[in-house]
Amino acid sequence: MPAFHPSLALRRPQRFLPSVWDALIFALVIGGLLLITLGGRQTFEPLAEAAKTPISLSPAMLPEYALRTTLRMLAGIVASLVFTFCYGALAVKSRRAEIVMVPLLDILQSIPVLSFLAFTTTFFLALFPGQVLGVEFAAIFAIFTGQAWNMTFSFYQSLKTVPRDLDDVANSLRLGSWRKFWTLEVPFAAPGLIWNAMMSMSGTWFFVVACEAITVGNTTVSLPGVGSYVALAIQQKDLAAVGWAVLAMLVVILSYDQLLFRPLVAWAEKFRVELSVGNAPPPSSWLLDFFQRADLARKVWRPIGEFAESLMRLRFSRKVRAPQAVAEVWSSRWFDWAWFALIAVFALWAGWSVILFVGREVSLREVVAVFGLGGLTLARVLILIAIASVIWTPIGVWVGLRPRWAAAVQPIAQFMAAFPSNLLFPIVVVGIVRFHLMPDIWLSPLIILGTQWYILFNVIAGATAFPNDLREAAASFRVTGWAWWRKVALPGIFPYYVTGAITASGGAWNASIVAEVASWGSDRLEAHGLGSFIADATAKADMPRIVLGTVVISLFVVLFNRILWRPLFNFASKRLRLD
Amino acid sequence: MSDIKTAERPLDQTGDVLLEVQSIRQAYPKGGGADLLVLDGVSLILKSGEIVGLLGRSGSGKSSLLRIIAGLAKPVSGRVTWRDKPLTGPSEGIAMVFQSFALFPWLTVLENVEIGLEPLGIPAAERRKRSLEAIDLIGLDGFESAYPKELSGGMRQRVGFARALVVHPELLLMDEPFSALDVLTAETLRTDLIDLWVENKLPLRSILIVTHNIEEAVLMCDRVVIFAANPGRIAAEIKIDLPYPRNRNDEKFRKFVDDIYGRMTNPYDPALKMERRAADAVATAGVAMVLPEVSPNLLAGLMETLAGEPFNGKADLPEIADELTLEVDELFPIVETLQLLRFAVVAHGDIRLTPEGRRFVDLDVDARKHLFAAQLVAHVPIAALIQRVLQERPSRRAPYTRFSEELEDFMSEEFAEETLKAVIDWGRYAELFAYDEQAQAFSLEDPE
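So the protein lines, in turn, are chains H and Y.
The opening residue of the first sequence carries number 23 in our numbering; numbering runs sequentially from there.
The opening residue of the second sequence carries number 133 in our numbering; numbering runs sequentially from there.
So here's chain Y without its partners, still in its complex pose (with noise of 0.2 angstroms):
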């Protein structure tokens, strides 16, 4: 490994404030009125020396704010300053590694990296010299000629990192660069990247990470800021004092993550009272209730794994959630719908079958169409209602604009839409009523 000069940071203490957030308030005008709201009033304090996650579910606003940081976006409100001066755009000091890499696919492995280092105005050597040790830093070495085509995803990421610390930034921002890899390259990017942070070999003074992974943020971060969504805003925050390399098996790295687990999942946390959904405002809320896209064969195969061996209708949400190897993302999805039907209740990070959720697992197909039924008319609003206006009407038929206007009263045009697929799928999943996709109208098939 080389070695490249690097900022003076002392591990232990955490140094200056480099990067502050003020009351960031960021929203997308939608047509027909009223802006979507993303970032509600957020605020964040980052100093050198420490690795900060964000961690939330899609919909956020955390990739909002980190390219408000980045300088790509500009929030409605609020300041963001970056080394005591107001930031007005990608500045100086501020590099940034993507989702899905971001590599120019014309240009060879040595000239994406180069690349950034053009507008500093260095000559064309001593760009070539940097370049090279970066690449040789991020474990490349060997590939300098090679077209992004020719290499998989996790070399594509390592070229993304080598591009972002070849300028030299102070702080490092990072837009889930793991996600899009396979598990066993993640792992493996993830503890180079921290054995190399570790041993003071990147010139780097803080790091800004937004993931969705519970474990990744837990692995990785000094610092944990937990995003709530609709709209986004910081929930909590949690200080991890563990030493590095993490152990996963560790039991206190265990603690962390059901701490995690359990305040994203608390109903009764104020913090993250959302205007979607929680188990008391169904009743309350009627059609205006944004649903997920969830199908039903997932919600299915969750209510079987939890029925099974070894959890016996109870289970801790981090087990299952590592069993079925899904991440927050898909697995909250899949249990509010599951808490939404009253097939499961969960709270504090554990989920447990209801006495429906085991009779569906036991029962054959036709009976769990009739059962999903049921519970779909009794607990969803817009589905009850749906069937409702079915019955009423002669024709048995009603068109898809008749139930998505009066969505649109309580919801963006978007939301509405989603919410109607969900119940769409829903429907047809239980027998509930047919959806005629042509002629965008829902129509009443007779029970058996």
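Only chain H is shown next, with the shape it has when bound in the complex (with noise of 0.2 angstroms):
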């Protein structure tokens, strides 16, 4: 199935270079954070509740702490859909708001979720003093930044891009904003939303499992699920624990893509829209297929169904037009200035803040030295992404050239791309531990480990996707060796590869934060880097110092992003298109 990356439908280059909206709404993002920080931290108390039924280690309790962490995931997902129709809606609607919400959420997708994953556990545990239920929440908030942004983003686009006859047909039989919304958006959108999910769920794993345990402070969170599980293994050296908890964690991504998200992606395609013909056969799954065909279920779904279309059959009363004085200062260019200043003043003060709290601490001398740390795990991330790319796309191409192993090891390739790396850190860090080697080189690979995989199937696609008659016109041509490679596959799947490296090295960014330090029992393995720097400074809940890395990573982040991927993206859409 090829891998559908929203930015590539639209056909205008991006900019790269950041603007100054690229600098205010930064500004206003970690201003935000702080304030969440500094009002929670007021009212602080430690967890009396949850020590009471602490993790225990015996295999048996893990179904039912799969099952919670399966049900966090779910809670996420569906929080981040509610999340995903008003504000792509909203930011679609009103062209103010688009303004500012389309690079907000632009610079939300690149900031690292588990570096301020102190800030938001330590707001939840403000908000709900002594209950697990805050530590919940802190949980599912964490894993619905991983998903909202890029459902968000993708929902987004689809709204820009419905083709515009539909658009009128709706205006001209007057549908209404609320029928059209169901009617044409939403189903437009839906594969696009869906393969998103899909996609993001793979990296939502990853900071369920990470962020079931984490420690802030003096408080220690220990959410049941697999995530602690995994955690009390390490602190207690257990490494079949370890190895059961893989296990179980196969399972549930396993059930979790075939039982959810297969059938959903199948069904999505009777929304897909064909602007051109696909030569990929559609996805199926069985569980579709069951369902459509067995009576019974189709009478269990009926009612549902029914009350679902009443629901979008609502008629509101017409909209009260405003009085023409009101409008026409609504829409005017002198309140469009003043919505501009609004935001400027907002994010000046959000940005002055942030200097004042972190420069109250943290001398000029030690931003140098972070920034230099940000440098060295730029380095790693680069390099690594380099040594991924240079073996698995040759693999890729020649996978995705034989469809019959496109098909075989494709499935698989998303597998590992879902499966949590976090959990195999523990392996390697006992080889490291055994061997004596130098945490700072031994320790990289783990950050690219569980988004490798991205470059993969991505390069799969890419090359399943690849049209047969430029094939044979190289073979008969009888192109072959460097020259093919130069020539024929590489720009051909570049767009694709590209899609893959830039979700690979933004999960690099989120890994390096879990992987640059590392425990096993009493030992602990810290490269230098940024991440050891933010998860250090988490540990010890040093809030400026959190703010700092947090900074410095997002900086990075974007930077890294608008300079290296965006032209490289807009190159891939402006030369490479094959269509």
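Each hint should be verified, as a subset may be incorrect.
Taking lysine-lysine pairs in the DSS-like style, the calculated list, with each CA pair at most 27 angstroms apart, reads [unchecked claim]:
| # | chain 1 | residue 1 | chain 2 | residue 2 |
| --- | --- | --- | --- | --- |
| 1 | H | K259 | H | K562 |
| 2 | H | K182 | Y | K206 |
| 3 | Y | K446 | H | K115 |
| 4 | Y | K206 | Y | K179 |
| 5 | H | K202 | Y | K281 |
| 6 | Y | K206 | H | K202 |
| 7 | Y | K217 | Y | K179 |
| 8 | H | K509 | H | K562 |
| 9 | Y | K333 | Y | K179 |
| 10 | Y | K179 | Y | K384 |
| 11 | Y | K281 | Y | K179 |
| 12 | Y | K553 | H | K596 |
| 13 | Y | K281 | H | K292 |
| 14 | Y | K261 | H | K202 |
| 15 | Y | K217 | H | K182 |
Since the hints were derived computationally from the structure, they do not count as laboratory data.
Join these two chains into a complex; the hints should help.
Here's what the structure looks like:
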């Protein structure tokens, strides 16, 4: 199944140099986070409840833990979906909101979730002091942040590319905005939305596992779930337990995939507006087929379906038109300027508060040192992406050009991408400790362990989608060897590769926060880099340094994306599209 | 065929005024000052019982006018009155059929047809009954549970018709409804529609159709309104009083078609005078000439067809359009380019090869290129300018922007880009100069 990166569907080139807007929004976001922690810090309370039922390492508890983890996941997805609809619809309907909301999304997408885990945990703990609910919310929120931005972006872009004639039909039939939303806009966006939800899920298992057991200062949060099971196993040096956890995770991901997502993706094919002839066979799901053919299933579904339809038919009374004068002021340029000024003021104030807050405890020299650490992590990410590309691209192309291999390997690669690699870290750490290897070098591959698969399966998808007639032309003119790679294969799969590499590098930054500091029992391995800096600061609940670390890592990610990936993306969409 | 209750409509007389369009102006803002004027003071009256056609080339604003009447766009100035009330948006009683069918891919045929009935507050049973009737009327019985993916183009457009007719509109708007269909299917649909209209089976009072196919307009319409382009305005209105069903081979039919071709290519008609070109304006326009993108292959092809049997260098435009199955939008740019390059002369619906044109047809590839180059430099000022600039510069290179900026002094960015694309295409064919797209630069290739 081709990997569909929504940005590739948009033809206009995206800007890659950060604009003033980006800087303002950036400041706003960081400021917002700061506000949240400052507010929460005052009413900090230790959690007595959670300590009552400690995590047990017996494998018999695993099914229950796996279930809890899965439920958290589902809650996160539902929350993301609601957010997506509201945010996306608002951004499209209101021009002014759009100017702020789209760069906001972009930046939120780039900030590594795990770096501000400390903020969100503290916030939710303070919101529900002394209750497990607060902790659950913190975990669900982390899942939400892993899913929501990606889905919202996809939804927003789908809304912007609704075919004009369908839009005209909906308007000329006077369906009304509510009906139009559910009859036209959501179905049109459904394939991209579901695909992106599936893709973000892959990263989200990683977060779930990472944030089920975190330590923020004096508080150790341990929610019953697979992640805390593994955390305890690491503490007690129980490698067997780690193995059981890995097995449990495999089962969970497999069932999620087969029982939830594959049927959804197959069902969403119904909504695909065929703008060009696709050459890949449509995805299928045994569960969906079963559901559609089994009579009993349909009978059960019918009342639900009818209820949903009647909801759709709700007619809201005609909008009261605002008096002419108010409407004019609202849409005047003067008001635009007022809006921009408001945003700018907030952003500057937020930025200044951050600088003050951080500056109180951190010297300028340390700030420079942190930037240096960021450079180290950047080097790691770059080198590892390059190594992963060199290894997996040829393999991906080889597999992709052979349909039977592709059909077999691609689901495996997607599965590997979904599997939370942090469950495998302890195994690597044990190896490093036993052989006394240098953490700086040998912890680095952990960053790419989970995310290299994105490159693989995207390249496979690219090679599968490569037009057959171009392959045959190359073969009949006997283009082989390096020339074949340079002129035929690599340009052909380039857009897909870039999609995979962008996702991989984003995941790598996130992974760096949990990979650069790894422990096994009492052994603690630390590699020099921004990730370990943030992890340390989180463990010590050192708020100013957490903020500093988050700002620096976000800056790096945003700039990295703009300077490296966007131009590649633009190049790919302009020159290397195969249509 | 089932019977749908129709409004009273005597066939021979047209009745009261349904729609009034008064001095509509439509413009789109373009970056850098002047708006692009798409419609300039267009006025129109539509009465019940008639089919009116809006005929013109692309860019003449007819689709914009249709969108305004459908309530999908707001004009910059002017008024539209529907049933004596001003039009403020999509109105009751007006339904539209789209060129691209515009069916929701995730709804079945029946659901697609029903969708327009819900905003009218009609109960479910009645909706189903009406939809099934409409589907039956339009000939889609049996396809109710099919998805659009499973249907051919003609069937999809029938669904589009059913959807529009099921709400029992008084006015049916059609935006080039048959242009996305192959010739046979289009013909079938047209005749089916006319049959239904004549038999009073359509729940309609009048139809407004936008088309760029002259024969279609004469086949279907009581009145044809001819649009001119740049800016869009009404050039002429022709009443067609032939009885239905009309026969393409009928002598009166052919006379109407000829008449329209003639009117649309008359260089001396002041109403048709466009800012773009007319034979005499070429000399004075200088580089400020917007050029159509026509490939040299098409030019050569038309010249060869014209030179061969049975035309022998002179032809009636409708005939040659028929021979090559070209529509107005495809034929006119080719014909105008030939006229610009002095390969042919066009007047009053006839096209005639000039001596250069005749010579072109008989020459071989290289010699053709030389002749083309000579005509290009002589009659297209921007091409001559490019060649001159390249010759003057010692490096024999000039950037794209050197010329695009000069053109943008006289025309909008889009037109400048279009013009330069056309010139690049012709210049490359004529081996007059070379163009590097990556570097965006012209350079002079040494002649052999």
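Okay, which hints does this one fail, numbers in order? Violated hints (numbers, rising): 3, 8, 11 and 15; every other hint is consistent with the structure.
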